[in-house]
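Undergrad: So the chains spell out like this:
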Amino acid sequence: MSDLDFAEFYAASFGPLTAQLHAFVGDHAEAQDLAQEAFCRAYARWHTIARFDDPTGWVRRVAWNMAISRWRRTVRLRRWQRDLLPSAQAGTEGIDPDLVAALAKLPRHHRQAVVLHYLADFSVHEIAEFCGVADGTVKSWLSRGRATLQGLLGMDEGEVASV
Amino acid sequence: MSDPDPLVGRFAAFREASIASTERPRVDALRRRVARRDATRTLSAALLVALVAAAVLWFSRPQPSAPPTTPPRASAGPVSAAPSAPAPSASAPAPSASASASTPSAIGATVPGGVAAFCARRDLPLVTNSDPMLPEYSDYFTHCPNARVRVYAMTYEWDPQRQQYALAHVNNAYLTAAQPSVARPVPTLDPISGACGYLTAVVVADVDPPATLPVAVTDAWDGGFTYWGQFKLGVLEQFSTFGKAADVASRPLCQPQPSGGNPTG
Numbered sequence: 019m020s021d022l023d024f025a026e027f028y029a030a031s032f033g034p035l036t037a038q039l040h041a042f043v044g045d046h047a048e049a050q051d052l053a054q055e056a057f058c059r060a061y062a063r064w065h066t067i068a069r070f071d072d073p074t075g076w077v078r079r080v081a082w083n084m085a086i087s088r089w090r091r092t093v094r095l096r097r098w099q100r101d102l103l104p105s106a107q108a109g110t111e112g113i114d115p116d117l118v119a120a121l122a123k124l125p126r127h128h129r130q131a132v133v134l135h136y137l138a139d140f141s142v143h144e145i146a147e148f149c150g151v152a153d154g155t156v157k158s159w160l161s162r163g164r165a166t167l168q169g170l171l172g173m174d175e176g177e178v179a180s181v
Numbered sequence: 007m008s009d010p011d012p013l014v015g016r017f018a019a020f021r022e023a024s025i026a027s028t029e030r031p032r033v034d035a036l037r038r039r040v041a042r043r044d045a046t047r048t049l050s051a052a053l054l055v056a057l058v059a060a061a062v063l064w065f066s067r068p069q070p071s072a073p074p075t076t077p078p079r080a081s082a083g084p085v086s087a088a089p090s091a092p093a094p095s096a097s098a099p100a101p102s103a104s105a106s107a108s109t110p111s112a113i114g115a116t117v118p119g120g121v122a123a124f125c126a127r128r129d130l131p132l133v134t135n136s137d138p139m140l141p142e143y144s145d146y147f148t149h150c151p152n153a154r155v156r157v158y159a160m161t162y163e164w165d166p167q168r169q170q171y172a173l174a175h176v177n178n179a180y181l182t183a184a185q186p187s188v189a190r191p192v193p194t195l196d197p198i199s200g201a202c203g204y205l206t207a208v209v210v211a212d213v214d215p216p217a218t219l220p221v222a223v224t225d226a227w228d229g230g231f232t233y234w235g236q237f238k239l240g241v242l243e244q245f246s247t248f249g250k251a252a253d254v255a256s257r258p259l260c261q262p263q264p265s266g267g268n269p270t271g
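One line per chain: the protein sequences are G and H, in this order.
Just remember that the numbering used here sits 18 ahead of the position in the first sequence, which is counted from 1.
Just remember that the numbering used here sits 6 ahead of the position in the second sequence, which is counted from 1.
Isolated chain H, as found in the complex (with noise of 0.2 Å):
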């Protein structure tokens, strides 16, 4: 038989004098504490959920325009020889085709105007293929699915009874999400107009080119680019090969010929 526990006495004593000095709260004590405790609990919950709300729709909100970090396109990537000159988008005219300005698209955040203003922009850095015979918007018409883009595609050749440039050739078509690009026209390469030079362009416009290229426009330094702008067409490529009016004309193949007579090479 084991000897009686002394510690069994002292936490006996230890348990009466703990109980004896204890004050026990009233249940109604503890029943409103559990009640302000619910209240709250239910405050919290009520504000984090205005909270959430007021974030999502704070971040939900119509985004006001900022200024371009960076441009959509930097520039028309290896279309032909076109100089690097700017190009008139500033001044294109209205565009005929209908701009889906709701398009959701990161561009609304980096072009001045958002979206609709991008989809507006007739110019160069819509042009995304290297093929210059076939330049299309691809980049433009994601963005801007529902545009419709009219684009003249011609060439200018030398005409010798003239002594300027004419238009010898002209396509014209809409440009949509569907068909992107339009079929520039070959160039007559004739002993004249292959030796006197000749221009390809594709631009924006919603009237007919001009029928000639003045001489001030063949001698101008930017090729014509400032021509386009009277205009108000925007520039989508261009390639060129002629010189100046006095050079061309100088050339034997390039003088001007009889009337009704055939150029020969």
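For reference, chain G alone in the conformation it holds in the complex (with noise of 0.2 Å):
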């Protein structure tokens, strides 16, 4: 492949990849670093990635992987951060800033397992596969996220569907 398809394949996944990131780490701008850090590393392996039969596949076990790595080194930053501003993404134009905070109060794992489902539309056992565990494992985490959520967003129990 060359530079025109990494442009399309950088333009299609950029964006859905930057909105989980986005809703996993809380922190709209660290998401498109992240993104950015993992298309950078893409385009480095271009000649490579591009035969494998899902690209996006890769850039996303790269970002997630940093998000993750970051996450665990940040933690506690984090929750400082968040104890005293507690509206850091109020600014951001547009998005449910309820929806951020409710999923920064969910445990890594069950956020995790919630973005894949809803924002890159995972199965259950695609979410499994990636994150390396069983797949009522993840119906748990899902299952436990999702009533978590619900509570904190004040959703009607019966409103959330089952998995």
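It should be emphasised that the hints constitute simulated quantities derived from the structure, not laboratory data.
Some clues are possibly wrong.
[Claimed, not checked] Sample of chain H residues facing chain G (criterion: CB under 8 Å; computed from the structure):
no.: 1; residue: Leu13
no.: 2; residue: Ala19
no.: 3; residue: Val33
no.: 4; residue: Leu36
no.: 5; residue: Arg37
no.: 6; residue: Gln185
Predicted model only: the values in this text are computed from it and were never measured.
Just so it is clear, CB atoms sit at the ideal spot from N, CA and C, and this is done for glycine as well.
Hints in hand, dock the two standalone chains.
TA: Here's what the structure looks like:
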């Protein structure tokens, strides 16, 4: 594939990937940085990645790995920032601040499962493969994550569909 | 049938809003970023290689001589009853042996002048074995494998006619790494020499040792070490049983004998 192919791939994948990372890390700018870094790495190896069946899967994997790694390093700082600056995301135009805040309160695995399910359109099995766990574990994460979100967002229990 | 999931709509709205607010850098920017990173990586690698090369050069440079932290040998060991007077190594003659200055050795870092200076030494610390009859230079030849050291092993015995000690036996040989010892002559333990004392010594020298030991030597406090120094002889080991000349001469067996007469015990 050529630079042109990469440009098409990049244009199609950058936004959705950034949205997933945004929901996971809770910070739009950081999500963009992560996505950009992942695509830089993809560009440097594009002659190889282009031959993959799913180049997006490679970029997604790299981006999520970086996000989880960064999240681990900065989890304490994030808690402090969240307590100190609860409305840090308020300035992001058009983005549901309640949803971002509710996601930030989910445990990491629950949040990852919920984000992959709703924003990457992954099935339970795909999430299980992505995270390297059993399907049942993912079902549990999703169930608990959705229940927590429902409570935090003030939704009726009946409104949430079963997995 | 389950109720529609309200979270689906919420997340769909979130995705649209997030994508809409995302500022995607141009591919050119990405390419420049990758190029900058590659250049930085290349430069870092080059710097690292240069640093490693500099370090290798620094550590492999010829080491300047440093003051000794410990002498190579503290003493000659229990070689006879030789006095502990300083050996005349400082004034030792230029060695006839060829010293190997390129011998890899820790000596070079601990002895002023390095290996070459160490190999030029001709003094007691070089003797390592405990057998006074077979002085060896084990450590010396380990560090100076090409060296050849000419030594004299000699015995001075009382000469009743001259009333002094005279050279009775002498062996000279070259010590080498292959043959690092020399046999010392056994004194003639006749009644005269046995009663009047004798001296054995192994010295490093390029000239023959003197034929006699003057009275002043036997009377000297240091048993002759200063005397050897006058001849620039490096004393490797020495053993003497003589006393002061007047005392020896007063002994019945050590008094002057008639010309041609045989001493008797």
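Undergrad: Are the hints correct? Go through all of them and say.
TA: Structure-based check of all given hints:
no.: 1; hint: Leu13; in the structure: holds (6 Å)
no.: 2; hint: Ala19; in the structure: holds (6 Å)
no.: 3; hint: Val33; in the structure: holds (5 Å)
no.: 4; hint: Leu36; in the structure: holds (5 Å)
no.: 5; hint: Arg37; in the structure: holds (7 Å)
no.: 6; hint: Gln185; in the structure: violated (70 Å)
Violation of the numbered hints given earlier is confined to hint 6; every other hint is satisfied by the structure.
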